[in-house]
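Engineer: Numbering (this note's numbering), first residue to last: -14 to 48.
Hint data in this document are derived by calculation from the structure and do not stem from the laboratory. Where is the CB? At the ideal position from N, CA and C, for every residue including glycine. Treat the hints with care, as some may be off.
[As the list claims (entries may be wrong)] Here are the computed distance ranges between Cβ atoms for each label pair:
| # | residue 1 | residue 2 | range |
| --- | --- | --- | --- |
| 1 | 32 | 2 | 41 to 47 angstroms |
| 2 | 2 | 40 | 27 to 33 angstroms |
| 3 | 37 | 3 | 37 to 43 angstroms |
| 4 | 38 | 13 | 34 to 40 angstroms |
| 5 | -5 | 24 | 27 to 33 angstroms |
| 6 | 7 | 37 | 41 to 47 angstroms |
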Amino acid sequence: MRLATLDLETAIHGDEYRAARLALLKRQMIRRIKRADASAQKVEQALARLAEANTLGDPRTYQ
């Protein structure tokens, strides 16, 4: 097991810090992509409902 360094400069710019920071950023990006995808699906569903509602009230669809 490796002990944490007491030198702040080495701790901030060390390999362990970079690896931990990269893992954190990766998790954040994945979470944000999933949220954006879920929001896009909701928008697509709402647009489909709106299109359906517009065609129901359109007299041209009954001709």
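Engineer: Does each hint fit the structure? Answer for all of them.
Structural biologist: Hints versus structure:
no., hint, in the structure
1, 32 / 2: 41 to 47 angstroms, "holds (45 angstroms)"
2, 2 / 40: 27 to 33 angstroms, "violated (57 angstroms)"
3, 37 / 3: 37 to 43 angstroms, "violated (51 angstroms)"
4, 38 / 13: 34 to 40 angstroms, "holds (37 angstroms)"
5, -5 / 24: 27 to 33 angstroms, "violated (41 angstroms)"
6, 7 / 37: 41 to 47 angstroms, "holds (45 angstroms)"
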